[in-house]
Amino acid sequence: MQMHPLIELKDLEYAYPYSSPALSGISLRIQRGEKIALVGSNGAGKSTLLLTLNGMIRPDRGIVTFHGNPVSYDRASLRKIRQKIGFVFQDPDVQIIAPTVWQDVAFGPVNLDYTDELVRQTVHNALHNVGLEGFDKRPPYHLSGGEKKRVAIAGVLAMDPDILVLDEPTSMLDPAGSEDIMDLLDELNHQGKTIIISTHDVELAYLWADRIVLMEKGRIIASGTPEEAFSDKELVRRARLKTPILLELSQELGSRGMKIAETLPRTVLDIIRIIEQNHHGSICLSSNGYGTIHVGDVDQISGPAIQTILARASYDTIGVMGSRAKICARQWGLTPDISYAVIDKCILQAMNGRTSLILTTGGMISRVFERVTVFNQTNNRSIPIQSLIKSENSDDLPGV
Amino acid sequence: MFAHDFLEEAAHHNALLQVHPYTKLLLGIGSIILVLLTPNYIVPCILAITLSIVIIVVAKINLKFYLKLLGIPLSFAFISAFIIIFLSEGVTEIWSLQLFPWLTLTITEESLNQGLHVFSRVFGGMCALFFISLTTPMTDLFGIMKKFKIPDLFIDLSMIIYRYIFIFMEKTRQIYLAQHMRLGYTKPREAIKSFSMLFGSIFITSWDAGENLIHAMDCRCYNGKYAKMITSNPVEWRSLSAVSLYLFIIIGMILWTSG
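Going down the list, the protein sequences come from chains X and V.
For the first sequence, the residue numbers in our numbering are -14 to 385.
For the second sequence, the residue numbers in our numbering are 272 to 530.
These aren't lab readings, by the way, just hints derived from the structure by calculation.
Check before you lean on any hint, since a few could be wrong.
Stretch by stretch, here's where chain V covers chain X in the computed footprint (C-beta under 8 Å, at least three residues) [unchecked claim]:
id : segment
1  : 80 to 86
2  : 124 to 133
3  : 138 to 144
4  : 156 to 164
Partner residues are not named here, just some residues of chain X that face chain V (Cβ under 7 Å, in silico) [what the hints assert, rightly or not]:
id : residue
5  : S62
6  : R67
7  : K69
8  : F72
Below, in silico cross-link-like pairs of lysine-lysine (DSS-like), each with a Cα-Cα straight-line distance of 30 Å or less [to be verified]:
id : chain 1 : residue 1 : chain 2 : residue 2
9  : V       : K335      : V       : K417
10 : V       : K331      : V       : K464
11 : X       : K122      : V       : K335
12 : X       : K244      : X       : K330
13 : V       : K496      : X       : K69
14 : V       : K417      : X       : K122
15 : V       : K339      : X       : K122
16 : X       : K227      : X       : K202
Idealized CB from N, CA, C, for every residue including glycine.
Just chain X, with the same shape it has in the complex:
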């Protein structure tokens, strides 16, 4: 028997009073663990669609099912759904309702009737998850845009939802702040949460999402992988968007006779690979061959240990992945060179003969190894990767 999709929308119609339809003929299936980006121009109906997911808007026609059961709109069932589907508003000032960070994050758990002890625990974990430990007593008007966004996300995480819905998560952030938030969303997705965002930043959606849903005037006009959704120039034009720069670049290279692989490029790394394949080998491999990628687990290394390693070995690039690693790096006085799309950027560095160090935590370590190994296999490369702990134990410090 086929599993039910996590959320399914069937033929939704909705119109705000006195205005043209905001949603028409919307059908969408969302599977567990997906990273979906709704992309469309202003007023395309993205926010309205997101608000139907957790029952904030009741569609005029059509049904929303959650775990295969149609959503009913009485108070008790709505509460259940809203606990499972966390909604993060575009403007954190709308969402943050309490005078201190702690109280705001505790708002959901308290209303879910958790015990005091459990409330303290969940709030602590949520703040830990988004990298805002020690912010408990801070009033929200003292926080920066990125910190406010994190508080908003923590407030939703504290209710332990399966699905996170974020309306324009990066619209009010500076580029570094946006990358931090997207890295956080990747991390949460890695922990098993399904994530749905709306955005009109095509570059961001193209790089981040597993699936793109293009919207125009309340309708879904395309749904598929980022490559599929953005390849059709006509659709992109209709949705009042633009083609992501990497895709455009590869299309232009292709039209000039360069061989483009089946899968379209999503990162700078992919583009470099295409160019290299056409070039029959590396563009220019530095004399000392590939650089090594070192991976360190911040839970197993202490600050001073890192400092001595850094003092003895020289790394060209330091990348930090995940909120906990970022907190540690900040505490140790390290300024990371890369904090988003870390693995790809480090592979790029390695191909250019530069060594790099990736600091991260727990399960993400295996992800780094997996990604590099897969890359080596599919591209017939031999980029060396090693764990920092092992090399330290065998007293064979890298780069010494």
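Please build the complex by placing chain V on the supplied structure of chain X, with the hints as guidance.
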């Protein structure tokens, strides 16, 4: 015009932030009560001066900022005291001036006493109030309210109001600047019109914010509860005994000066 967050800002950065709010409230409220009980003007003045020294030296509040803050109520108090001194009745005349045939300004010993008394009371009381508001952030006071069993409804409402004051002040500032840039306050008539528009937009903004608030709360399963944070350091005996000693000395002074 928009000095709204300075008080809270100062409170969040004062050097006595870690002292238990009980201790600070005891000093503040105790001083206010004692000021109201004193029959003369010497003790309130001493209280005001010592509290000011505590605010500036111990709590490390910026002196200029504090004087500016104190200037507002004191200017009112000064005018009132001035009027009381010249206009209230008394027996022992000190100085008198016939301004018009129907108006004679007279200073008597009694009126002088009364004027100074009112002024010193305001002075002392304001210093005590400023001590509380400059050393204890509102967020700590909410915890105290909860401990004193003030109804949840009242605390929840005040927390929401507190949260939104900052948002509205920011909005007001933006609209005010936008009006100013388009020369909204150049002529008096214009200024009145702009001012009314400012209030109109703020009203609409607050209405919107109210609706948004309900949505935000609904999205997070609102069920009539609002988390309260009661986390303070334990009451420190040293600071508490210092405060008690100070209050006892003041009581002693009151008894001594009133014979």
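Discussion item. For the restraint on K69(X), tell me whether the closest CB of chain V is nearer than 7 Å.
Written reply: Interface hint status for K69(X): violated (10 Å vs cutoff 7 Å).
Item to complete: Take a quick look at whether K335(V) and K417(V) sit within 30 Å of each other, Cα to Cα.
Response: The given pair, whose Cα atoms are some 35 Å apart, is violated under the 30 Å limit.
Fill in: Hint validity - R67(X) Cβ closer than 7 Å to any chain V Cβ
holds, 5 Å
Item to complete: Could you grab the alpha-carbon distance between K417(V) and K122(X) and see if it respects the 30 Å cut-off?
Response: Distance of about 16 Å is within 30 Å: holds.
Worksheet item: Residue count check for the segment 156 to 164 of chain X against chain V: does it reach three with CB-CB under 8 Å?
Response: violated (count 0)
Fill in: Verdict on chain V covering the segment 138 to 144 of chain X, criterion of 3 CB contacts below 8 Å
With 3 residues closer than 8 Å to chain V, the segment 138 to 144 of chain X meets the three-residue bar; holds.
Worksheet item: Do the numbers back the hint for S62(X), that is, is its least Cβ distance to chain V under 7 Å?
Response: violated, 12 Å
Worksheet item: How does the coverage statement for the segment 80 to 86 of chain X fare against chain V, requiring three or more residues with Cβ below 8 Å from a Cβ of that chain?
Response: holds (count 6)
Practice prompt. Mind checking the CB of F72(X) against every CB in chain V and telling me if the closest is under 7 Å?
Written response: holds, 5 Å
Fill in: Pair hint outcome, K331(V) versus K464(V) [Cα-Cα no greater than 30 Å]
Not satisfied, since the Cα-Cα distance of roughly 42 Å exceeds 30 Å.
Worksheet item: CA of K244(X) to CA of K330(X), is that 30 Å or under?
Response: holds, 23 Å
Item to complete: Take a quick look at whether K496(V) and K69(X) sit within 30 Å of each other, Cα to Cα.
Response: holds, 19 Å
The structure shown violates the earlier hints numbered 4, 5, 7, 9 and 10.
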